[in-house]
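> This is what each chain is made of:
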Amino acid sequence: MNISDIIKPENKVYGKSGLLLDKEMHYCPGCSHGTIHKIIAETIDELDIQEQVIGVSPVGCAVLAYDYIDIDWQEAAHGRAPALATAIKRLYPEKYVFTYQGDGDLASIGTGEIIHTCNRGDSVTIIFVNNAIYGMTGGQMAPTTLEGMKTATTPQGRSHITSGFPMKITEMIALLPGVVYATRQSVDTPAAERKAKRSMIKAFKSQQLKKGTSFIEIVSTCNSGWKMTPVEANIWMRENMFPVFPPGDIKDETGF
Amino acid sequence: MAVRGAIEVNIESCKGCGVCVANCPVGTIALSRSVNGKGYNYSYMENPEKCTGCTNCAVVCPDTVITVYRVKI
Amino acid sequence: MGEKILLKGNEAIAIAAVRCGCDGYFGYPITPQSEILETLSEMNPEKDTGMIVLQAESEVAAINMLYGGAGCGKKVMTSSSSPGISLMTEGISYIAGAELPCVIVDVMRGGPGLGTIQPAQSDYFQITKGGGHGDYRTIVLAPASVQEMNDFVDLSFDLAFKYKTPVVILTDGVIGQMMEKVELSPVKPRWTDEEIVKLHGDWASTGKTSDRKRNIITSLDLDPHRQEVFNMKLQSKYREIERSEVRCETMLCEDAEYLVIAYGLSARVSQKAMELAREEGIKVGLIRPVTLFPYPYGVIEKAVPHVKSILTVEMSAGQMVEDVALAVKGKAPLYFHGRTGGMLPSPEDILALIKSIAEGTYNPGDFSGHNKLWL
Numbered sequence: 001m002n003i004s005d006i007i008k009p010e011n012k013v014y015g016k017s018g019l020l021l022d023k024e025m026h027y028c029p030g031c032s033h034g035t036i037h038k039i040i041a042e043t044i045d046e047l048d049i050q051e052q053v054i055g056v057s058p059v060g061c062a063v064l065a066y067d068y069i070d071i072d073w074q075e076a077a078h079g080r081a082p083a084l085a086t087a088i089k090r091l092y093p094e095k096y097v098f099t100y101q102g103d104g105d106l107a108s109i110g111t112g113e114i115i116h117t118c119n120r121g122d123s124v125t126i127i128f129v130n131n132a133i134y135g136m137t138g139g140q141m142a143p144t145t146l147e148g149m150k151t152a153t154t155p156q157g158r159s160h161i162t163s164g165f166p167m168k169i170t171e172m173i174a175l176l177p178g179v180v181y182a183t184r185q186s187v188d189t190p191a192a193e194r195k196a197k198r199s200m201i202k203a204f205k206s207q208q209l210k211k212g213t214s215f216i217e218i219v220s221t222c223n224s225g226w227k228m229t230p231v232e233a234n235i236w237m238r239e240n241m242f243p244v245f246p247p248g249d250i251k252d253e254t255g256f
Numbered sequence: 001m002a003v004r005g006a007i008e009v010n011i012e013s014c015k016g017c018g019v020c021v022a023n024c025p026v027g028t029i030a031l032s033r034s035v036n037g038k039g040y041n042y043s044y045m046e047n048p049e050k051c052t053g054c055t056n057c058a059v060v061c062p063d064t065v066i067t068v069y070r071v072k073i
Numbered sequence: 001m002g003e004k005i006l007l008k009g010n011e012a013i014a015i016a017a018v019r020c021g022c023d024g025y026f027g028y029p030i031t032p033q034s035e036i037l038e039t040l041s042e043m044n045p046e047k048d049t050g051m052i053v054l055q056a057e058s059e060v061a062a063i064n065m066l067y068g069g070a071g072c073g074k075k076v077m078t079s080s081s082s083p084g085i086s087l088m089t090e091g092i093s094y095i096a097g098a099e100l101p102c103v104i105v106d107v108m109r110g111g112p113g114l115g116t117i118q119p120a121q122s123d124y125f126q127i128t129k130g131g132g133h134g135d136y137r138t139i140v141l142a143p144a145s146v147q148e149m150n151d152f153v154d155l156s157f158d159l160a161f162k163y164k165t166p167v168v169i170l171t172d173g174v175i176g177q178m179m180e181k182v183e184l185s186p187v188k189p190r191w192t193d194e195e196i197v198k199l200h201g202d203w204a205s206t207g208k209t210s211d212r213k214r215n216i217i218t219s220l221d222l223d224p225h226r227q228e229v230f231n232m233k234l235q236s237k238y239r240e241i242e243r244s245e246v247r248c249e250t251m252l253c254e255d256a257e258y259l260v261i262a263y264g265l266s267a268r269v270s271q272k273a274m275e276l277a278r279e280e281g282i283k284v285g286l287i288r289p290v291t292l293f294p295y296p297y298g299v300i301e302k303a304v305p306h307v308k309s310i311l312t313v314e315m316s317a318g319q320m321v322e323d324v325a326l327a328v329k330g331k332a333p334l335y336f337h338g339r340t341g342g343m344l345p346s347p348e349d350i351l352a353l354i355k356s357i358a359e360g361t362y363n364p365g366d367f368s369g370h371n372k373l374w375l
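Chains as they are written, first to last, in this note's numbering: chain L, 1 to 256; chain Y, 1 to 73; chain U, 1 to 375.
Worth double-checking, as some hints may not be accurate.
[As the list claims (entries may be wrong)] Derived SDA-like pairs (lysine to any residue); straight-line CA-CA distance at most 25 angstroms: (1) U:K181 to U:D151; (2) Y:K72 to L:S4; (3) L:K16 to Y:E8; (4) L:K23 to Y:V35.
To be clear, the hints were calculated from the coordinates, so they are not data collected in a lab. Values in this document were obtained by computation on a predicted structure and should not be read as measured data.
Turn these sequences into a full structure, and let the hints steer you where they fit.
Following this line, the structure appears as structure tokens:
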């Protein structure tokens, strides 16, 4: 059988979601952001909610997320996405609202906003990309940087004596009664990606319940910041990030 | 029932990260020796006869440059 | 005549917001303006008009909630006082950069730092010159009565949507706290989504429908050429505002030999001083800028050739006086009298100042507060 006999429209089993725009992403080769964007686009596609979704993009590498997914967006100041999401959701309770935030955005400068949006139990979805480093600004320490991990601002390796401990923000968030779903996922393997997508669908669907915030952390790589190849970065993440940030559901009160 | 698969790579959008290669369970995919317009060694089917159309490569591709086809034979 | 009731300035702001069809108020308590949030919470307008009232966790969150709400095309408002406005300044810059309409009330108190909870006018520079990073301005309205606190809310929303820009109502702790009779504004229903689109275009992020392109609210453009073009567009908008939106009140300027220039509460005190001076036969006139951006340079410039000297009165160490100086252009002596720290100017002090200027005995050390022959 020739390849041309296989590559026919009727045999297509996987392709790009129509919600992903054709613009090439600015992310580094192998960056997890692209995969996570894809999951979001597929989730919105499958739930058929494009007309009801408003995304809030962060400051950091994903600031331009609005260039890649064909929905309405608002671009927030650093760390403030959850405050925008609160207002959007209060003014449009029937819409689906999500924020997309990195570890610097969500767990450092925006700690106040994320805690309070989750504590108010606003039925929005928070997508938290944790790659343990500041990517956009060139590889500085993040709140989630591992102990001993070398970054541009911890060249000797992060020490809890000077810089505190890697912050487990999802565990903290899960304690809040306003949170209906808190999970930690990854997108480094096909199985993990499929599982993360199921979590993403659950997180978005949970907005229909109006029972609280859904929070999905995705442990990710920053191979440029980590100074590794993309494939090495995935392996390093599994060996070093997972012991500190173990994947799995932390709280699930969605009932589905 | 046996299946045959094939992938189509959007060569100019591929950044040659190699994540698809690492996640191909049957060793179909490799990075080409030649480069695309941006200088990346793009992915391609080195061993097309092995492809089962499992979609793993496309699922993990951060830039969504892979389309997967599958037929039952 | 509409309904007239006795209200505090802060209460008037709150009631006017509901009556003019505001969709959302997001605020954080700070003296001396907490009654705005309290009054709105008491009114609980969500049950009547659907207007959202939310106490944010900080001024930073409140202003970013404004960004989110304004980005949906809604009429949104916040209020704070000087230290809180400093915290909001980042967000105001973003809102200006994203060209979103919103209304911000600053009930000024004395600074710097925690300063005092007493009234002041020392946020003038911060509010009228942009305040945050980047080249932007906000339209600034300065009420001098509780009635204007009421009236300027609806006007601010009109201007905010007309120019897609933040509008600041710049007032102070006295006007916020004092009680006067107010004729309430007519009740306007909140806009429906369709009305927002019809009135102001389809730019808001409300969910991308198949009949339009996606709407993106952002202040970012990494392309230097496009960023400069955008900045030029912003500046031309501000020039248009300067041409079209100057508001200013003049009192007894026709025959005036001495001109007092003051805004807000200082203008009310100066008006009393003017009346006292007139009783003594000293011809004093008053110019009260109502918009502080755009500033009524032209009104002042026209008055300068007809007067012997000019006195600017502020509750600051000298801020608006710099704008007055730009209009006076050194063509008449410009004096400054300012009180700070929560102290207020008094009609008697202003009268004594004017008399000393008229009699040629002016000595800055003779008066309380900040006094200077400015220019």
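> Compare the structure with each hint and give your call.
Do the hints match the structure? See the list:
| no. | hint | result |
| --- | --- | --- |
| 1 | U:K181 to U:D151 | 13 angstroms, holds |
| 2 | Y:K72 to L:S4 | 15 angstroms, holds |
| 3 | L:K16 to Y:E8 | 12 angstroms, holds |
| 4 | L:K23 to Y:V35 | 20 angstroms, holds |
Comparing the model with each earlier hint shows no violations; every hint is respected.
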